[in-house]
Amino acid sequence: MATVNITINGQKVLAKAGQTVLEAALDAGVDIPRLCHHPAVRPYGACRVCLVEITGQRTLQPACTFPVSEGMEVFTETPKVVEARRFVLHLLFSERNHYCMYCQMSGDCELQALAYRYGLDYWKYPRPFTPLPVDASRTYFVMDHNRCILCRRCVRACGELVGNYTLGVRQRGANTMICADMNVPFGESTCLSCGTCLQVCPTGALMDRHSAYRGLEKDVERVKSVCAACSVGCGVELVVRQGHLLRIEGDWNAPVNKGLLCELGRFKPLFEGRNRVRTPLVRRDGALKEATWDEALDAAAKGLKAGGAAVALASPRATNEALNAFVRTFGRLGARLGSLTPVPEFLAKPEGSLAALDEADLYVVVGVDLGKEFQVAGFAVRRGVTNRGARLVLLGDGKSDLARFARYRLDVSQVNEAVALAQGAENPVVVYGAGAGEVLPRLRAALEGKARFVGLVPGTNSRGALSLGLNGARPDGAKAAFILAADDQVDEGLLTALAGVRFLAVQASYFGPLVERADVVLPAATWAEKAGTLVNTEGRVQDLRPAAAAPAGVKTDEEILTALAARLG
Amino acid sequence: MAEPLYRANVLVCGGTGCTASGSQAVLDALREEVARRGLEGEVQVIQTGCRGFCAMGPVMMVYPEGIFYCQVRAEDVPQVVEETLLKGRVVERLAYQEPAARKAIPHYGEIPFYQKQLRIALRNCGMIDPENIEEYIARDGYAALSKVLTEMTQEQVIETVKASGLRGRGGAGFPTGLKWEFTYRAPGQPKYVVCNADEGDPGAFMDRSIIEGDPHSLLEGMIIAGYAIGAKEGYIYCRAEYPLAIKRLYKAIQQAEEYGLLGENILGTDFSFHLKVKEGAGAFVCGEETALLASIEGRRGEPRPRPPFPAVSGLWGKPTNINNVKSYANVPQIILNGPEWFASIGPRRSPGTAIFALTGKVNNTGLVEVPMGITLGEIIFDIGGGIPNGKKFKAVQTGGPLGGCIPAEHLNVPVDFDSLKEVGAVMGSGGMIVVDEDTCMVEFARFFLTFATAESCGKCVPCRVGGRRMLEILNRICAGEGRLEDLDTIREISAQMEAGSLCALGQLTPGPVKAALRYFEHEFLAHIEDKRCPAGVCKELTVARCLNACPAGVDVPSYVSLVAEGRYAEALEIHRERNPFAMICGRVCPAFCESRCRRGDIDEPVAIRQIKRFMADHEVDHPWTPAKRGKPRPEKVAVVGSGPAGLTAALRLAQMGYQVTVFEALPVPGGMMAVGIPEYRLPRDVLNFEIENIKRAGVEIVCNKALGKDFTLDDLMNGQGYKAVVLAIGAHKSQRLGIPGEDKEGVYHGVDFLRDVALGKAPDLTGKRVAVVGGGNVAIDAARTAWRLGAQKVHVIYRRTREDMPAYKEEVEAAEQEGIVFHFLTNPVRVLGPQRVTAVELQQQELGEFDRSGRRRPVPVEGAVFQLDVDVLIPAIGQRTDTSWADGDGLEFNRDATLKVSKSLATTRPGVFAAGDAVSGPASVIEAVAQGNRVAMAVDHYLRTGQVEKVDYNPPYHYPALTWNVDAYAEAKRPAPKFLDVAARRGNFQEVELLLDEETIREECKRCLRCDLEWLESVGGVSLEAAKAEHKMPA
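Chains as they are written, first to last, in our numbering: chain A, 1 to 569; chain B, 1 to 1035.
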C-alpha cells in the first residue's frame, strides 16, 4: 500500500494513502477527540470536535474527513485548536440538558469525558433550553432528546449499517431533531429494534431499559462470545457485572456481523419471560417436586432404562461439546437420537458466505423470511438495496418484512422471471432457507456458475448437530424420552408427539409446557452461562464463552450428561 | 421567416418587479390598443425580461427611438399609442424625471440609472423576448457555442476562460477557468455540469432576472462548459419559488433542443449534451455546492466537508463543475469577444462586471450591472439616485445575509471581491441593501442573523448552536437587556464560528453582526448602556419614535394628546418634566421628533413643534414655579454658564433641594439662546419668561462673572465652598477660515457678529454688500441678520451643495425668500482689499470622492477662480469652546476643544462636571437640555455618595387615554405654517414664524397615531381595551 509522510505535532508519521488525518493519528497513537465520528460509519465532519490545525489551510479542518497528503503538517492540540474544541463543547452543553448527575450514562459518556478532558467546569453560555420529549414508545430502549447532541451516529448507523433508514432528521438549524420515519413515535415506526443506534450513541440520549443505572463501564466485564439466536452466529460482547448479564452488544470485530445484532440477539435474552428451573425436579404423586441432583439423576436413569424403546432429542442450541456428550451418553443406551429442528437435505451442507451479501447487485430470496429469521443477514440485504442500489427479488414470500425493499415480488410459479433477472445481473446471490425446496433445484439448474448461493440453515448449531448425525426427529413410538432442551423453546408438535411416552426426562433451563409434562427435570445452564463451540450456517466454528453466573443448583449440559451417563452405565 | 418589417417595437418589461407593479395589464392594453388602431402590421409588442429599473416599473421602451417610459399604467396606453406610435412625440409625463433637476429624460441612454452601467450578463435582459430563441440568436446567441464546437479544443476553451480572469459570480470568486480545468482533469466518468440557481438572499434577484429575461445565455454557457470539461449532462438547480424562471428554462431547453443546440450531436458535431432542471424546495443552505448536490441526489440538503471538492467527487461521486448563473451567462461573451476584452474591464484581479440587486432605502431600486471597480458611492448615489426623502445614508449591506454592512466612511471602496473583503463585507452573489438613518444597525444585524440561523441546516455544532446563542444575545440587546460583556461574547462566537463551521453558511453567519459591531459599536452601546435604540426601531426600547428621537426624551404623545383635549396646563407640566423650555423649543427646536414621526411615513409628520409652541404660549399668563422634588440639601452647587444646559442643570439641582448659583460671563443670561439665536427666531421676552421660571425654582443667576477672569474653579470649590461645579460654558469662539486677509477690517466672525447684534453693538451694514461663509445655522442666522440690518446684498458662500447644508431647510428657504443669494460649491481663498475688505476671491469647487460623513468632498476646479466684491465678510464655519481660561485647572480637553468627560459627564477634575456644547460641540437647545438633566443626576449622585456614576434622568411616561377616533383623521393634512410677510421683515427683528390658531392646533394633534399605546399593549403588557375602558392609563 502506498504511504505518505506526514507530521503530527512535529512527530514524523508514515500514513497510508487514502487515510484520514484521524485514522493516521490514531494509528500513530495520537488521540484526537471526536463525537460524531464512529469507525463503523462513514466520516461525517459535523461535530467539529476533531478540528485540527493543518499548515496551509485557511480554517481549522476536521481530522475525521480530511485526507492525508504528502508532507502535511498536522497539529492536534494547539491553543487555537483547544479553544475551538472548548467552544464546541460549551455550545453542546448549552444546547440541551446535559446535567450529568441525573444521567445514567454519567461516567460512560463521550461528551462528559471530553468536558473533563478540556476542563469545562462551568456553563459558559446560558441555557435557554426548553424540555424536549422523551420517547419511550419502544420496548427495549428509550430516546431522550434532551441528551441528544445531534451527532447523527444513530441515523447513520440505521441507514448505512442496517440499511433500514428508520431514523432521520427533521427541522433544521437549532430546531433539528432526530426522528423516526415521518416523525412518528419510535415504537410505531419501521424500527426493527435491532439496537444498533443504541450501541453507537455517545451520550445518554439512547438508553436501554435493562442496563440503565446498573453499572458503569468500569464496573463491568466484557466477554466476547457468539449469539445463539440463529445460525448466522453473530459475534457478541456480553456485558456483565458480578455475574449478571447487563447488556449484549454486537462485536465490531466479529467477521459475520461486524457489530450488528438483531432484536432476538440483543434484547430477547435480557427480557426473558420464562421462569428459571433452579433445582432438579422429580414427579411424585403426579406432581413435580424439588429433588436433589442424585435423586433426579437416579430417577432419570431409572426411567430411561426401564422404559424400553427410548428416544433422545437435543436442541440445536446446544454446543458441539454438549451434543458430543449427548451422543455418547444416549448412543450407549441404544436410544434413537435426533435434534429438535429438522434440516432439509438441500441445507445439510454449508453453502456460500454471508460476505457475498455485501457484494451482490441482485438478491433472489427464497424460502426464508429475512425480516424475522436470520435478521442480520437481512440487514445486509437491506443495505445492499438502499445503499448500493442492489435489487431484491422476493420469490414466493410477498408478505415478508423485507417486501418494502423488494423491486420484484414473484410467486414461485414465476421462477423463470427471477432467473432472467439474475441472468441479467452482474453479481446475483440466491439466498435460500428451509422453505426453498420446491424451486431451489430449478434456480440451481438455471444459475449454476452465474449466481452465488447462500443457504441459511434453521437451528443455531444445526451444522454441529448434523455433523454428529443428529437431524430432526420425533419421539413417535418411544416409551421413554430424553429431551435436551436447554434454553430453547419447543413447539406444540413435539408435545403432542410426546403424548404416548411413558417416561420423559428433560434437561431445561426454563419452565414451560415441556417441563410441566416431564417426569424428571434436570436444570441446565443457559447460553450465556456456558462454554463451548457453535457452528454457524457457513460452517464457521465459533467460541461460546461463559459470562453470566448460573444459579446455584444448575449445571451445564455436559456436567449433567456426564453424570447421567455414569448412572446409565 | 415571413414576419413583417415593423416600423416600431414596443418592449414591455415582464420581469418580476414590473409584473408585480402591473405590467401585464399594460401589455394587454397595449396589444388591444395597437389592434384597435390597426397597427399590428407596423408595431410589434414584445414582453421582455427584467430591464432593471424596478423602482420605476412598469417600464416600457419604444424603438427605434429608444424612448423610455416609467410607471406606465393601462390608462396611459392610449396616449402612448396616439402620441408616440402615431405622432412620434414623447409623452413627457411618463418619461423619467430627474429628481434634482426635475426635468424629464425621455431617452434610455441618458437616464443616469443606466449611464454608469455596463451590461454583459444582462446584455439581453429587457431587450429581447426571453421565450423566443430566435431573438437570442439574432443577438449573436449560440455563436459562441458554434465557435467552440467547430474551432476550439476543450483545452482552448478552458484557457480562454482562464485568460479572461472570470471569477465565480456566486460570491466566493474562485477563478472559473481553474475550476473547469480541475473538473476536466479529474479522473472518472461521467462528468456533470451544474448550475447553481438557488438564489436565496432576501431582496436578491440577479439570477432570477437572467433566467427570466435571457435563459439561453445560461444554457449556452453551460453547454460550452459541458464541452470544455467533457460532460454530457447538466443540471440547473433552481428554487421552486421562481416559477416564471423555471417555466422559461423548460421552454428554452425545449427550443434549444428543437434547434439542435442541445441534445444529441449538437450542431452536427459529435458532442452531445443534455440539460435537466431540478427544482429546489427553497432551503438557503442548498446554495452551498455540496448541499446542492445532496439535494439533487435526493438527500437532505446538508453540506459535507471538502475535500474532496466537487471537481473531483461531486454529483453521485463524479467530477462535477458547479457555477453560478451569472458566471455561465458571461461565458458566451468571453468566447465571442475574446478573453482580453473581458480582462480589460475593471481591476486586474477582479475583471468583468458585477450585478447587484439594489434595494432598500435608495431611490432607484432595481437590477444593475456595473464594471468591477466602480465605487459603492457611485452605485448608490449616481445609479441608485441616493436616499429617498432627504434622509441620510447610513450603510449598505453587500453579500446578502452573510455579508456585511459598509458605512458612509467607505463609500469610495471599489466594488470587487478583494476590496469588499478588506472592509469586512463580501461580494456575495449580488444583494445590495441600502439603509438610512432610520435603521437600527443592531436590529439590522439581528434580522440577518435570524435569517441565517433559521436557514442553518443544523449539521455542525458551531453554526447550529453558535448562531442560536448569538441570536439570543442580539435579541437581548435589542430588548434593552444586553450586558457589556455580551459584545465580547459576540466577538468570540463570531471568531469561532468562522474558524470551525463546516460550510460557508456557518462561517459567514456572523458576518453581518461583526460588521455592524465594527462600524456601529456605539449603537450597540446605546442599547446596552443607555437602554436606548438611537434609530427608534427596537420595539422594547421605543415607547414612541418621537420621544425616542428627542434627546431629552420629552413625552410627546402625552402632551400632544392633552393639547388635543385643550388641557394645556397639564400638557405643559408633562413637557417640563424633561424640558423646561417649551416656549423656546416651540420656536427653535430642530424637532428630531418630527423627523421620526410615524405619521411622516404616511403623509407628513405631526406638527409637533407648532403644537408645543401653542401649548406654551397659551399658558403665558401662568408663570411656572418649579416644584421641589426633595428635601433641602446643605450643599452648594455652582453652574458656570447660563445657556440651556446650565439653566436646566441648575433647575434640576434646585428642584432636588440644592443651593444653586449660575455664573454668566455675559451681561445677559441665556447663553446662545440670548446671543446666538437672532430675535426674529426667538424673541427676548419669550427667552426671559422661561429664564424667570428657572429663577423661581430658587436658582440665583449672576451675570458679568467670567470664569478665568473674575474667578477660578479653585475659588469656587475651595474659597466659596461649592461642593460641585457644572461647566456649561458653551462654544462661543468662532473658527477661522485660515486664509490670507482674514484680519482685515470688515471681517466679522459669525458668532461674534451675532453676539454683538444681540448685545446692541451691531455694526452699521446699511447699504453694504455682505458675504457670509458657511452652510450651518450660524451662517444663515448671520446672513438674515445682516439683511435685517440693512445690508444691500447678502451672499452665502458654501463649499458643498445645497443638499449637504447642515442648516435647517426652512431657514435656508426663508433666507432665499429674503433675497439672500447662495453660491454653492464655492470656497473663499483670499480676502482682498487694502485695509478694509473690498472683495473676496472665490474658488469654484466640484464634487470628488466621498468623505467620512458620506458626502462628496468638494475639490477645487483648477483655474476657476473669481471675485466677489463685498464690504463685509462674515466667516461662519463653526464654533468651538474657548479654553484659554483653563490652564492648571486639572481639566483635560479633546482635540476638538470639547471637555474630556466620562459617561457620567464628570470631567477629569473631581467634583467638576460638564454639559452642553462644551461637551458635545455646537448642538441644539434640546440636546443641551438633555445633558443638563443628566448632569444634574450625576452631580446629585456624586454629592450623595461621593461616587461618579451614570444615572439616568428618567421620569415616568404617562399614557393619557386616546380620546379621538384615529381613523377619522386618516385624511387630515398637516397645516401650512404661517410667516410674517417678507416685506415686513426688513429692518426689524420681528418674529417671523406666526402662531397657528387653537382650532388648527387641536385638530393637528389628532393626526398623532399614538404609537405609545401600541408599545404599552405589546411591551408594557397593558391591554389597550382595558386601558380605554377605564379611561385612565398607568402613570
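Be aware that one or more of the hints could be misleading.
[To be verified] Derived lysine-lysine pairs resembling DSS-like cross-links, with alpha carbons at most 27 Å apart:
1. K16(A) / K318(B)
2. K709(B) / K768(B)
3. K224(A) / K289(A)
4. K421(B) / K80(A)
Don't read these hints as lab results, they were simulated from the structure.
Sort out which numbered hints this structure fails and list those numbers smallest first.
Result: hints 2 and 3 break, sorted rising.
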